[in-house]
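2 protein chains.
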Amino acid sequence: MNFERPNIQAMRGYSSGEQPDSADVIKMNTNENPYPPGPAVAQALAGLRVESLRRYPQPTALPLRKALGALHGVSVDNLLVTNGGDELLRLLLATFVETHECIATAAPSYSLYEVLAAAHGCRMRDYPLNADWSLPADLAARMNADGIKLCFIVNPHAPSGTLTNVAQLEALARDFRGVLVIDEAYVDFVEPELNYSTLPLLNRFDNVLILRTFSKGYSLAGLRMAYGIGPQTLIDPMQYKTKDSYNTDFIAQTLAQAAISDQNYAADTWHKVREQRSSLRSALAALQLVAPPSQSNFLLATVPAPWNAYALYAGLKAAGILVRYFKLPGLDDKLRITVGTAEENQRLLRELSRLLQGA
Amino acid sequence: MNFERPNIQAMRGYSSGEQPDSADVIKMNTNENPYPPGPAVAQALAGLRVESLRRYPQPTALPLRKALGALHGVSVDNLLVTNGGDELLRLLLATFVETHECIATAAPSYSLYEVLAAAHGCRMRDYPLNADWSLPADLAARMNADGIKLCFIVNPHAPSGTLTNVAQLEALARDFRGVLVIDEAYVDFVEPELNYSTLPLLNRFDNVLILRTFSKGYSLAGLRMAYGIGPQTLIDPMQYKTKDSYNTDFIAQTLAQAAISDQNYAADTWHKVREQRSSLRSALAALQLVAPPSQSNFLLATVPAPWNAYALYAGLKAAGILVRYFKLPGLDDKLRITVGTAEENQRLLRELSRLLQGA
Numbered sequence: 001m002n003f004e005r006p007n008i009q010a011m012r013g014y015s016s017g018e019q020p021d022s023a024d025v026i027k028m029n030t031n032e033n034p035y036p037p038g039p040a041v042a043q044a045l046a047g048l049r050v051e052s053l054r055r056y057p058q059p060t061a062l063p064l065r066k067a068l069g070a071l072h073g074v075s076v077d078n079l080l081v082t083n084g085g086d087e088l089l090r091l092l093l094a095t096f097v098e099t100h101e102c103i104a105t106a107a108p109s110y111s112l113y114e115v116l117a118a119a120h121g122c123r124m125r126d127y128p129l130n131a132d133w134s135l136p137a138d139l140a141a142r143m144n145a146d147g148i149k150l151c152f153i154v155n156p157h158a159p160s161g162t163l164t165n166v167a168q169l170e171a172l173a174r175d176f177r178g179v180l181v182i183d184e185a186y187v188d189f190v191e192p193e194l195n196y197s198t199l200p201l202l203n204r205f206d207n208v209l210i211l212r213t214f215s216k217g218y219s220l221a222g223l224r225m226a227y228g229i230g231p232q233t234l235i236d237p238m239q240y241k242t243k244d245s246y247n248t249d250f251i252a253q254t255l256a257q258a259a260i261s262d263q264n265y266a267a268d269t270w271h272k273v274r275e276q277r278s279s280l281r282s283a284l285a286a287l288q289l290v291a292p293p294s295q296s297n298f299l300l301a302t303v304p305a306p307w308n309a310y311a312l313y314a315g316l317k318a319a320g321i322l323v324r325y326f327k328l329p330g331l332d333d334k335l336r337i338t339v340g341t342a343e344e345n346q347r348l349l350r351e352l353s354r355l356l357q358g359a
Numbered sequence: 001m002n003f004e005r006p007n008i009q010a011m012r013g014y015s016s017g018e019q020p021d022s023a024d025v026i027k028m029n030t031n032e033n034p035y036p037p038g039p040a041v042a043q044a045l046a047g048l049r050v051e052s053l054r055r056y057p058q059p060t061a062l063p064l065r066k067a068l069g070a071l072h073g074v075s076v077d078n079l080l081v082t083n084g085g086d087e088l089l090r091l092l093l094a095t096f097v098e099t100h101e102c103i104a105t106a107a108p109s110y111s112l113y114e115v116l117a118a119a120h121g122c123r124m125r126d127y128p129l130n131a132d133w134s135l136p137a138d139l140a141a142r143m144n145a146d147g148i149k150l151c152f153i154v155n156p157h158a159p160s161g162t163l164t165n166v167a168q169l170e171a172l173a174r175d176f177r178g179v180l181v182i183d184e185a186y187v188d189f190v191e192p193e194l195n196y197s198t199l200p201l202l203n204r205f206d207n208v209l210i211l212r213t214f215s216k217g218y219s220l221a222g223l224r225m226a227y228g229i230g231p232q233t234l235i236d237p238m239q240y241k242t243k244d245s246y247n248t249d250f251i252a253q254t255l256a257q258a259a260i261s262d263q264n265y266a267a268d269t270w271h272k273v274r275e276q277r278s279s280l281r282s283a284l285a286a287l288q289l290v291a292p293p294s295q296s297n298f299l300l301a302t303v304p305a306p307w308n309a310y311a312l313y314a315g316l317k318a319a320g321i322l323v324r325y326f327k328l329p330g331l332d333d334k335l336r337i338t339v340g341t342a343e344e345n346q347r348l349l350r351e352l353s354r355l356l357q358g359a
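The listed protein sequences correspond, in order, to chains A and B. Position 191, counted from 1, in the first sequence is what our numbering calls 191; the numbers after and before it change by one each time, with no gaps. Position 169, counted from 1, in the second sequence is what our numbering calls 169; the numbers after and before it change by one each time, with no gaps.
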């Protein structure tokens, strides 16, 4: 007998990037930081005692929230720590969206949003981005007209890497009547000179929630730690009602706190990623693979005819290099390439040159 | 503005047992194993390299599922690893229960079930247990008549510690038309001579799902790891559609696998808990605090008049010993006491004697 809910029966699960077991593969497909976590994390890991695992962890990760509060200049009451960004995104639907309601994103975007909507059983509407990946000027008005309850905007944008400026997000927060979730998974890689920060929006609007993660900027994808920053009216129901009682574990809380304690180390990896991003983008353009300017740790390179994006993806995979290919309208002539170390990027460029010449 | 769904606005969150920061408090309130994780876990912890955290973890914990499959003699396809038992319980509602449907339990039971139902937005019905904590004989018939979609049975039972035998569960699985979830969080503490095992039910019924956890038997409450065993028709939709993409982290997967690799160590802690359970139950009875026979790692002791259960709870807390008091009908004259080490149990008994004499 099939006991599944009809919406679950009908849906397809999330298809994540390949995660090979082999350490020899050069992974440029799921946007991990190419540099390892720093010495503070290593020291915290070495200092863990097995006895500390016997008891339940702090249910709301309070010590970590205190450290995050100090880092961002916000109260612990404005912070929710989650088991990866996925959990926070799911909690937003579970807490704020009725199954007869509709959520939205500016498309294309992170494909998980659609999967979460299907699993929740609500509808999701895509509003196409402009050709230059910028937000449509009338987005808020259209969403209001359509009765959208919650909108996910990933910024810097995935999969293009482009950045929407704070003024545009501010206008969207002001005009949109639903909950505006700004998914800043890649924010650590934004040029510091741009002074990009959406935190001031939290003082002005009660409908904005910002997502941050340890997976990318802090090189801790394996640890599953992220957090939301928002008004208590959005944070509290998730913190005290809808999240699992003990949603993050003792070790993850401890290591995440160690990671943010050494901002210099983390910022140094971000700086190196930006340098590599710049040189990789130029080198790709020299191969006629043009990518829009990225403020993230990946580049979305267009593969011009007569070359074929899927064939390049497959050729790179055969050579031990994974990049991301999306078989989707508007994306199927492109490759999303995570910025690697200097050595990894050189190896990628060599293989690309070889494949492009052979094609 | 309040953006919460009406069911979330109306609900109250789960109230977990107190988790004091101080290591000096004797914690007999949340059923942790009193003995620490073993040397295999310590060794795995010491062997972790920080570099391994940079990449995403295995999304379905496949290496751990292989080890669990070998341990239980089931296929990896019958296993779902979750971020604590809470996640599995929640996924069962999210995947199999429509919001207009109703779930059930035999009451009293684990209070989280009701919170999960409220958060999901479905109804929940309690069917009272018999006075001796056994299941009502007509439970399946009544649930079928009421159209119950899913039923949670915790066995050994919480908060009484009593065990329902397999024959009764088999009859329930056969007769009940919905999904039967057997929450075996405490199963490791059952006397081996009873040969209790519900695993054979999985070969006979397509509506049974068994929950197991590392929190109690393997002394890893701080790690948040549990798993479900069931038919693929129940496991697959949770594994590939409704769970978060990377729901358990690399370290938790690694340490959980280490924990089950040393069954002798774990079984030795279970044996010690059973010895302590037996002597603690006798000693409590000698103080006129009678508890039903427990196959779990806790005892539910009735506090006879004129003594008062809440006053005893408060007196113990003042003395640095936490036990669990439930302000609920049928439970408010009782204390649920986690079996501790010999020293902890002696300290508890001394304080109880003192309080009972002073009362």
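For the record, the hints were derived by calculation from the structure and aren't laboratory data. Mixed in with the good hints there might be a few duds.
[As the list claims (entries may be wrong)] Below, computed lysine to aspartate or glutamate pairings styled on DMTMM-like, alpha-carbon distance capped at 25 Å:
no., chain 1, residue 1, chain 2, residue 2
1, A, K272, B, E51
2, B, K272, A, D21
3, B, K66, A, D21
4, B, K317, A, E51
Hints and how they fare:
1. For the suggested pair K272/A and E51/B, the alpha carbons sit about 17 Å apart, so the restraint of at most 25 Å is met.
2. Only pairs whose Cα atoms come within 25 Å are accepted, and K272/B paired with D21/A is rejected, the gap being roughly 39 Å.
3. Of the supplied pair hints, the one linking K66/B and D21/A holds, its CA atoms being roughly 15 Å apart against a limit of 25 Å.
4. With a C-alpha separation of about 23 Å, the suggested pair K317/B and E51/A falls inside the 25 Å cut-off, and the hint holds.
This entry does not satisfy hint 2, going by the numbered hints stated previously; all others are met.
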